[in-house]
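Protein chains: 2
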Amino acid sequence: MENELIQLLRSNRAALRQRLDSMNVVDIAEQLEQLDKADVVVVFRMLPKTEAAEVFAELDHDVQQNIIEAITDREIRYIVDELFLDDAVDFIEEMPANVVKRVLANVTSDTRDLINHFLQYPDDSAGSMMTIEFVDLQSGTTVADAFAHIRETGMDKETVYTCYVTDSQRMLIGVVSARTLILSAKEQLIGDVMETDYFFARTHDDREELLNRFREYSLMALPVVDNEGRLVGIVTFDDILVVQEEEATEDFEKMAGMSPSEDEYLKTSAWVMSKNRLPWLIFLNFSVFLTGAIVAKFEDIVAILPILVTFLPMLMDTSGDAGSQSSTLVIRGMALEEIKQTDFFPVLWKEVRVAALCGIVLAIANFIRMLIFRYEPNMGLVVSTALFSAIFFAKTIGALLPLGANALKMDPAVMAVPILTTIVDAMTLIVFFSLAKIILHV
Amino acid sequence: MENELIQLLRSNRAALRQRLDSMNVVDIAEQLEQLDKADVVVVFRMLPKTEAAEVFAELDHDVQQNIIEAITDREIRYIVDELFLDDAVDFIEEMPANVVKRVLANVTSDTRDLINHFLQYPDDSAGSMMTIEFVDLQSGTTVADAFAHIRETGMDKETVYTCYVTDSQRMLIGVVSARTLILSAKEQLIGDVMETDYFFARTHDDREELLNRFREYSLMALPVVDNEGRLVGIVTFDDILVVQEEEATEDFEKMAGMSPSEDEYLKTSAWVMSKNRLPWLIFLNFSVFLTGAIVAKFEDIVAILPILVTFLPMLMDTSGDAGSQSSTLVIRGMALEEIKQTDFFPVLWKEVRVAALCGIVLAIANFIRMLIFRYEPNMGLVVSTALFSAIFFAKTIGALLPLGANALKMDPAVMAVPILTTIVDAMTLIVFFSLAKIILHV
Numbered sequence: 447m448e449n450e451l452i453q454l455l456r457s458n459r460a461a462l463r464q465r466l467d468s469m470n471v472v473d474i475a476e477q478l479e480q481l482d483k484a485d486v487v488v489v490f491r492m493l494p495k496t497e498a499a500e501v502f503a504e505l506d507h508d509v510q511q512n513i514i515e516a517i518t519d520r521e522i523r524y525i526v527d528e529l530f531l532d533d534a535v536d537f538i539e540e541m542p543a544n545v546v547k548r549v550l551a552n553v554t555s556d557t558r559d560l561i562n563h564f565l566q567y568p569d570d571s572a573g574s575m576m577t578i579e580f581v582d583l584q585s586g587t588t589v590a591d592a593f594a595h596i597r598e599t600g601m602d603k604e605t606v607y608t609c610y611v612t613d614s615q616r617m618l619i620g621v622v623s624a625r626t627l628i629l630s631a632k633e634q635l636i637g638d639v640m641e642t643d644y645f646f647a648r649t650h651d652d653r654e655e656l657l658n659r660f661r662e663y664s665l666m667a668l669p670v671v672d673n674e675g676r677l678v679g680i681v682t683f684d685d686i687l688v689v690q691e692e693e694a695t696e697d698f699e700k701m702a703g704m705s706p707s708e709d710e711y712l713k714t715s716a717w718v719m720s721k722n723r724l725p726w727l728i729f730l731n732f733s734v735f736l737t738g739a740i741v742a743k744f745e746d747i748v749a750i751l752p753i754l755v756t757f758l759p760m761l762m763d764t765s766g767d768a769g770s771q772s773s774t775l776v777i778r779g780m781a782l783e784e785i786k787q788t789d790f791f792p793v794l795w796k797e798v799r800v801a802a803l804c805g806i807v808l809a810i811a812n813f814i815r816m817l818i819f820r821y822e823p824n825m826g827l828v829v830s831t832a833l834f835s836a837i838f839f840a841k842t843i844g845a846l847l848p849l850g851a852n853a854l855k856m857d858p859a860v861m862a863v864p865i866l867t868t869i870v871d872a873m874t875l876i877v878f879f880s881l882a883k884i885i886l887h888v
Numbered sequence: 447m448e449n450e451l452i453q454l455l456r457s458n459r460a461a462l463r464q465r466l467d468s469m470n471v472v473d474i475a476e477q478l479e480q481l482d483k484a485d486v487v488v489v490f491r492m493l494p495k496t497e498a499a500e501v502f503a504e505l506d507h508d509v510q511q512n513i514i515e516a517i518t519d520r521e522i523r524y525i526v527d528e529l530f531l532d533d534a535v536d537f538i539e540e541m542p543a544n545v546v547k548r549v550l551a552n553v554t555s556d557t558r559d560l561i562n563h564f565l566q567y568p569d570d571s572a573g574s575m576m577t578i579e580f581v582d583l584q585s586g587t588t589v590a591d592a593f594a595h596i597r598e599t600g601m602d603k604e605t606v607y608t609c610y611v612t613d614s615q616r617m618l619i620g621v622v623s624a625r626t627l628i629l630s631a632k633e634q635l636i637g638d639v640m641e642t643d644y645f646f647a648r649t650h651d652d653r654e655e656l657l658n659r660f661r662e663y664s665l666m667a668l669p670v671v672d673n674e675g676r677l678v679g680i681v682t683f684d685d686i687l688v689v690q691e692e693e694a695t696e697d698f699e700k701m702a703g704m705s706p707s708e709d710e711y712l713k714t715s716a717w718v719m720s721k722n723r724l725p726w727l728i729f730l731n732f733s734v735f736l737t738g739a740i741v742a743k744f745e746d747i748v749a750i751l752p753i754l755v756t757f758l759p760m761l762m763d764t765s766g767d768a769g770s771q772s773s774t775l776v777i778r779g780m781a782l783e784e785i786k787q788t789d790f791f792p793v794l795w796k797e798v799r800v801a802a803l804c805g806i807v808l809a810i811a812n813f814i815r816m817l818i819f820r821y822e823p824n825m826g827l828v829v830s831t832a833l834f835s836a837i838f839f840a841k842t843i844g845a846l847l848p849l850g851a852n853a854l855k856m857d858p859a860v861m862a863v864p865i866l867t868t869i870v871d872a873m874t875l876i877v878f879f880s881l882a883k884i885i886l887h888v
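First to last, the sequence lines map onto chains A and B. What the first sequence shows, in our numbering, is residues 447 to 888, in sequence order. What the second sequence shows, in our numbering, is residues 447 to 888, in sequence order.
Be aware that one or more of the hints could be misleading.
As the list claims (entries may be wrong) - With a straight-line Cα cutoff of 30 Å, these simulated DSS-like cross-link-like pairs (lysine-lysine) come out:
hint: 1; chain 1: A; residue 1: 483; chain 2: B; residue 2: 786
hint: 2; chain 1: B; residue 1: 483; chain 2: B; residue 2: 495
hint: 3; chain 1: B; residue 1: 721; chain 2: B; residue 2: 483
hint: 4; chain 1: A; residue 1: 495; chain 2: A; residue 2: 483
hint: 5; chain 1: A; residue 1: 483; chain 2: A; residue 2: 547
hint: 6; chain 1: B; residue 1: 855; chain 2: B; residue 2: 721
hint: 7; chain 1: B; residue 1: 632; chain 2: A; residue 2: 495
hint: 8; chain 1: A; residue 1: 883; chain 2: B; residue 2: 743
hint: 9; chain 1: B; residue 1: 483; chain 2: A; residue 2: 721
hint: 10; chain 1: A; residue 1: 713; chain 2: B; residue 2: 786
hint: 11; chain 1: B; residue 1: 547; chain 2: A; residue 2: 883
hint: 12; chain 1: B; residue 1: 483; chain 2: A; residue 2: 786
hint: 13; chain 1: A; residue 1: 713; chain 2: B; residue 2: 855
hint: 14; chain 1: B; residue 1: 743; chain 2: A; residue 2: 743
hint: 15; chain 1: A; residue 1: 786; chain 2: B; residue 2: 721
hint: 16; chain 1: A; residue 1: 855; chain 2: B; residue 2: 713
hint: 17; chain 1: A; residue 1: 743; chain 2: A; residue 2: 786
hint: 18; chain 1: B; residue 1: 495; chain 2: A; residue 2: 632
hint: 19; chain 1: B; residue 1: 883; chain 2: B; residue 2: 786
Claimed, not checked - The following residues of chain A were derived to be distant from chain B, with all beta-carbon distances above 10 Å:
hint: 20; residue: 461
hint: 21; residue: 470
hint: 22; residue: 491
hint: 23; residue: 528
hint: 24; residue: 676
hint: 25; residue: 827
Derived by calculation from the structure, the hints in this document are not laboratory data. From the three backbone atoms N, C-alpha and C, an ideal C-beta is built for every residue, glycine too.
Produce the complete structure using the sequences and hints provided.
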């Protein structure tokens, strides 16, 4: 799709202004990111004031910085005060120190205090992702008055669909959905229609816990309380959709032996990417050297019967992939809470049976193929037996390693690749050469 | 956590009934699944009628079948008519033919027609996942009348937070959020407050498209229209959360070389699991045999210099993992629409630089280590050069294969593992042995 904004900017500014009025803020942000530095600021300044903050929140951090550096202090104050607080915090966290300083110097002192408070919540905690814009009601209010309150203040809130009932100490005592309000009689008291049996999170809860709760109970929003039980914010489903995506991406990266990256692929520099990928490659490269030592012990066999070496790629790749099938399933099952630490024996028992089945099928297929290609039956026996035991060990170890890592409070996804590869390779080689020694008498 | 239901069932049925009243349906379903067949039916029948259908929708398919087989025709009719239509369809799709027959014979003919209609939508299409319970309004209605309409019918609807405005032909002409209704004056007409610039899906749209739209625009619900533009249902965010989870799980499984499984890990039989895992293992096992043929061509070198073999595990594993790092990032980036087909050259250029960087660092580290372990410098040169080119090829091919698969309209995640392994192994072996031949003169 070509960029409408560029075309209109060059041809007809009045039409551009009109088009901006009718476009979705997400689409404006996407097209804005394709403009060059100077043009971004020109178009950004043409945005209706109310939309400017919304578009700003959707922009990439480098474009945000570019805009902030180009606009006046007054414009900064306006935008940051208009931003939802969680968006403002996200943005400030990514800016260099001099930009942060200038931004904080230009916002109202209330906003500054709130931002500073937010910056103290741990990364990936409920506190760091919540929004403080929500509707709170008192239990003594009537439904009619609640509607009046929402009408008065509701436009600023990220969601009016769940309202939170607090007492005079700002303690959360109930929740009431817009649906309940609509379906209740006007004179009823909030205290009588509110739900007192509700889910909530604490500011320090990890976002993965939140994600699981949203998923399990199909929640739309979750109130967040501090240590004293005071309501301090809410987390909404659209943030959770992003968390779920990021958590899955992190697991993909870890399982492929990389440090998780924060940015999109094309926006990450080659330098940062290399830094994310090198540690495990180096670790693997060194640890697999140990496997080389095992091969060295069997060098005499290799010298006598070099044909054995032709089976190494097949044995190592098949067992490696058999193991990663199992570890992937178990790691994913643990992330989705389908598999718990206590499921050690059910998992082991399942993998033992799957491993035996897969191992037997592949060993037989391999034996037949080797006979067809006129290998000695003895040679077929060595390779097929090695293949069976390699798959068997790979699958059981592949499934149990993540559970073991978890028991040791380590991240199962990070442990999986290099350690599994090393262990499985070592076992495969030892079994294969030992069998060759015994059966082929080399 | 121990199972409350079992305890209460054995000790105090009146208390059990009371406890069921106060529990969340998701929790009831979870505990119910742990009971044995007879107890499940006993407890299920104690549920308040209105909750029975909700709990039923949350149960696993085997438990659902168990219940359906034990209850009366009248009870079946009640439950299925109470289910949201999408839940009813989900359930019927998983039942064996005799159960389906009995269920369809016992529901009202309206429900039967609707179910049959739903069963015709393609798997994973918007039509197959939508719900038909939504609030529709006419543009001539006032806001006050809209509230009255919602109050009258709203209890049955999965969401009242977005209402859909249709004309007399049931064509979708606008949407209006509960928020807008609340904030509008009572006498305003729906036609004047509705949004006419809205997102929608068609019944045959794939669920991945829907997911991307929800994620990008933070939607709460999306109306679904048929070919003529008539409103037929809505898809809500909680379904999308499940889709996102399932799509990620599918990609994990495909990238680990498995057919995607439908059920949870512990609920999938060892037999089905083996069937999901065997095809790629066999494919890989056969294709890697070709790699063996390459090694066979260099058998004379191996016989003369068997020490070369000790480097094979290291070379193959490092290049394999370097390649899977790149392919994982590109496949994931494509799934999240961060990387498009047209990004071929930016991706290639990025991977070339990352590959060069990673390759050089590993090659140097490897050379130094080999010197320390007193290998001949010439040998170090062979291994390090082979390592560099293996990583370089693995990374560039690993990144471009998924894009190529996509261009050929094949699933990049499925292609990745076995083909990448085979190609990268073959290249690594050829480069390594050729270098050995030239530099070491064997």
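Each hint tested on the structure:
| no. | hint | in the structure |
| --- | --- | --- |
| 1 | 483/A to 786/B | holds (24 Å) |
| 2 | 483/B to 495/B | holds (20 Å) |
| 3 | 721/B to 483/B | holds (28 Å) |
| 4 | 495/A to 483/A | holds (20 Å) |
| 5 | 483/A to 547/A | holds (22 Å) |
| 6 | 855/B to 721/B | holds (25 Å) |
| 7 | 632/B to 495/A | holds (29 Å) |
| 8 | 883/A to 743/B | holds (23 Å) |
| 9 | 483/B to 721/A | violated (54 Å) |
| 10 | 713/A to 786/B | holds (13 Å) |
| 11 | 547/B to 883/A | violated (62 Å) |
| 12 | 483/B to 786/A | holds (24 Å) |
| 13 | 713/A to 855/B | holds (26 Å) |
| 14 | 743/B to 743/A | holds (24 Å) |
| 15 | 786/A to 721/B | holds (24 Å) |
| 16 | 855/A to 713/B | holds (26 Å) |
| 17 | 743/A to 786/A | violated (40 Å) |
| 18 | 495/B to 632/A | holds (29 Å) |
| 19 | 883/B to 786/B | violated (42 Å) |
| 20 | 461 | holds (17 Å) |
| 21 | 470 | violated (7 Å) |
| 22 | 491 | holds (24 Å) |
| 23 | 528 | holds (18 Å) |
| 24 | 676 | holds (25 Å) |
| 25 | 827 | holds (17 Å) |
Hints 9, 11, 17, 19 and 21, counting from the list given before, are not met by this structure.
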